[in-house]
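Starting from the known structure of chain U, fit chain L onto it as the hints suggest.
For the protein sequence lines, the chains are U and L, in the order given. When we follow the working numbering, the leftmost residue of the first sequence carries the number 1, and every step to the right adds one. When we follow the working numbering, the leftmost residue of the second sequence carries the number 1001, and every step to the right adds one.
Check before you lean on any hint, since a few could be wrong.
Lysine to any residue pairs mimicking SDA-like chemistry, simulated, CA-CA at most 20 Å apart [claimed, not checked]:
#1 L:Lys1131 <-> U:Leu57
#2 L:Lys1071 <-> L:Glu1220
#3 L:Lys1071 <-> L:Leu1090
#4 L:Lys1131 <-> U:Ala69
#5 L:Lys1002 <-> U:Gly216
#6 U:Lys206 <-> U:Tyr313
#7 L:Lys1192 <-> L:Arg1263
#8 L:Lys1002 <-> U:Asn120
Honestly, the hints are just simulated from the structure, not real lab data.
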Amino acid sequence: MNLEKEIKVGTGVPKAITKKTKIRSLHRKEAIAGYIFALPAILGLLLWTIGPMIASLIMSFTNWKIIGASEWVGFQNYVNIFTNDIYFKKSLWVTFYFAFGSTLFTLLSALIVALLMNMNVKGQSVFRTMYYLPVIVPAVASNILWLWLFNPDFGLLNTILDFLGLPTLMWIYDESTAIPSLILLSIWSCGGTALIFLAGLQDVPKQLLEAVDIDGGNVWHKFRYVTIPTITPVIFFNLIMGLIGSFQAFTQAYVMTEGGPNNATFFYVYLIFREAFLQNNMGYASALAWILFIIIALFTLFIFRSSKDWVHYGGAK
Amino acid sequence: MKAKTIKKNIALIILIIGALISFIPFFWLIRSSLMTNVEIFEFPPKLLPEDFIWSNYTEIFSIINFGLYVKNTLYILIPCLIGTVFTSCLCGYAFARLRFPGRNIWFGAIIATMMLPPAVTLIPTFMMWSKLGGINTYWPLVFPSFFGGGGFFIFLMRQFFLNIPKELDESALIDGASYFQIFTKILLPLVKPAMLVIGFFTFTNVWNDFFGPLIYLNDESKFTLALGLLQLKGSYSSDWNLMMAAAAVMVIPAVLIFFIGQRYFIEGISLTGIKG
Chain U
1 MNLEKEIKVG TGVPKAITKK TKIRSLHRKE AIAGYIFALP AILGLLLWTI GPMIASLIMS
61 FTNWKIIGAS EWVGFQNYVN IFTNDIYFKK SLWVTFYFAF GSTLFTLLSA LIVALLMNMN
121 VKGQSVFRTM YYLPVIVPAV ASNILWLWLF NPDFGLLNTI LDFLGLPTLM WIYDESTAIP
181 SLILLSIWSC GGTALIFLAG LQDVPKQLLE AVDIDGGNVW HKFRYVTIPT ITPVIFFNLI
241 MGLIGSFQAF TQAYVMTEGG PNNATFFYVY LIFREAFLQN NMGYASALAW ILFIIIALFT
301 LFIFRSSKDW VHYGGAK
Chain L
1001 MKAKTIKKNI ALIILIIGAL ISFIPFFWLI RSSLMTNVEI FEFPPKLLPE DFIWSNYTEI
1061 FSIINFGLYV KNTLYILIPC LIGTVFTSCL CGYAFARLRF PGRNIWFGAI IATMMLPPAV
1121 TLIPTFMMWS KLGGINTYWP LVFPSFFGGG GFFIFLMRQF FLNIPKELDE SALIDGASYF
1181 QIFTKILLPL VKPAMLVIGF FTFTNVWNDF FGPLIYLNDE SKFTLALGLL QLKGSYSSDW
1241 NLMMAAAAVM VIPAVLIFFI GQRYFIEGIS LTGIKG
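The following block holds chain U by itself, in its conformation from the complex (with noise of 0.2 Å):
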């Protein structure tokens, strides 16, 4: 008897380890080639930014140029942005006011849009290209198209103003009006943006818009109770992509304005971007990256924290 359960349980256990152990080896198969296929983007993620995010914060407290020894400078580079840099606190200003600005209108017309397309219009496909197309114009080519509408004496735009019987403006070569008009270039490709809340949009549950109807509600009823609280995730990803990406404006600074009119349009990356191509201030640049990087991340983590309150995120799908 005895000796019969000992020779069961001595058959049984080994087939049972061999069994885990072939599952534990399938498994492991899988996690060598997960590893594998995900390679390049792992060391890429290494390679391309924790890497180089380490070496730009190490950076940041040296003296670095591009020739020559470089010296551990402690808070140096950042005692100096805070307290003599005279453009540092003119490009914040600027860019954020840019940022904000952009973000905003870029939002608000793309979401109008994005309504209008959706109202099933006759010809949306024909509407969705128009709209797209200057998102595919390269930012050089459509910054030197803009610098000539916006030309004060043969601009298009003040034909347009004066055939209307308006005062003309001085666009981008007034302190006052060189961002509002370069919010204006960002306005004309906002189709991407509306693309993106018009796909949002088609996921807004038809029965519940018809559920206001039978309740007596109206239009205002429909988009502010049904359509505003479906659409809050992509109006979410709309505005932390675009503040970000705004942040980061530097090609009209570099082609249209060179920085100017008095610095109006001296956008924090044309700063970053003076300090380490052309002044070789590399351990200095740093240090104002990473100012960048850190006011960047405070806003989005602000928006994160205040999404609880308002972005919704549908249960049911």
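Same frame as chain U, but now just chain L:
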């Protein structure tokens, strides 16, 4: 019912006006590119040129080396296309299908990089390339596209892989196929549309890229179209007709590619927001 059609018509009219407004700059671009340098400064401005000066387009190819810049841009574009499409497929498959320890952490970190300002990594990356002797070569512009193409493309690819029924690769696995065989024989043919989406986006990214070439390329013989356009602006800044012609040369291929791949562009963009 009638109120509904009226509303629709109002929406239609507003959309048409908006579309016209967004189209006017394109019209002005082409119109100005076909004028003489005298006509362009006439006041009041003319809507259309008296004679279409097509020679503006040939002139930009003779005053600066525009043909070479087109060639250089394509020279960067092709390896970028291959690298991005191929490696984003690999990574999309890994993150959608294969279970490995730390997968979600890696994926989350890669997605988070989409929110990272490139300015933070720019300077050390530049220093690295300068140490490696990569300045004034295409390496810094091409090589990084062999790492999955960045968070956005990996995210997009993963979405496409997730939409393929899992039974397909599971049954192949039972039949003894390796992961590599499943990937190449079964799944890759099914994600062709996704490859096209990423291919088209990569084309526009490379074609439009300005910051990368600006920083890494110093030698005129290496310039891309974007830099060529800037160079033209530097030396022929009052020849708006030529600048518009050059800008058009850069815009037209981008627009053509968009029309060819429209379906894929819109599919890619629509996917972005839904699960963003």
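Take the C-alpha atoms of lysine 1002 of chain L and glycine 216 of chain U, compute the straight-line distance between them, and say whether it is at most 20 Å. Holds: lysine 1002 of chain L and glycine 216 of chain U sit about 18 Å apart, inside 20 Å.
For the pair we were handed, lysine 1071 of chain L and glutamate 1220 of chain L, check the Cα-Cα distance against 20 Å. Holds, at roughly 13 Å.
Agreement of lysine 1131 of chain L and alanine 69 of chain U with the hint, judged by alpha carbon distance not exceeding 20 Å: Holds, at about 14 Å.
Taken at face value, is the distance from the CA of leucine 57 of chain U to the CA of lysine 1131 of chain L at most 20 Å? holds (19 Å)
For lysine 206 of chain U and tyrosine 313 of chain U, compute the direct alpha-carbon distance and say whether it is at most 20 Å. Distance ~17 Å between lysine 206 of chain U and tyrosine 313 of chain U Cα, so the pair holds.
Holds or violated: lysine 1002 of chain L and asparagine 120 of chain U, Cα atoms, limit 20 Å. Roughly 15 Å separates the two Cα atoms, so the pair holds.
Straight-line Cα separation of lysine 1071 of chain L and leucine 1090 of chain L no greater than 20 Å? With Cα atoms ~29 Å apart, lysine 1071 of chain L and leucine 1090 of chain L exceed 20 Å; violated.
Are the Cα atoms of lysine 1192 of chain L and arginine 1263 of chain L separated by 20 Å or less? holds (13 Å)
Of the hints listed earlier, the one the structure fails to meet is number 3.
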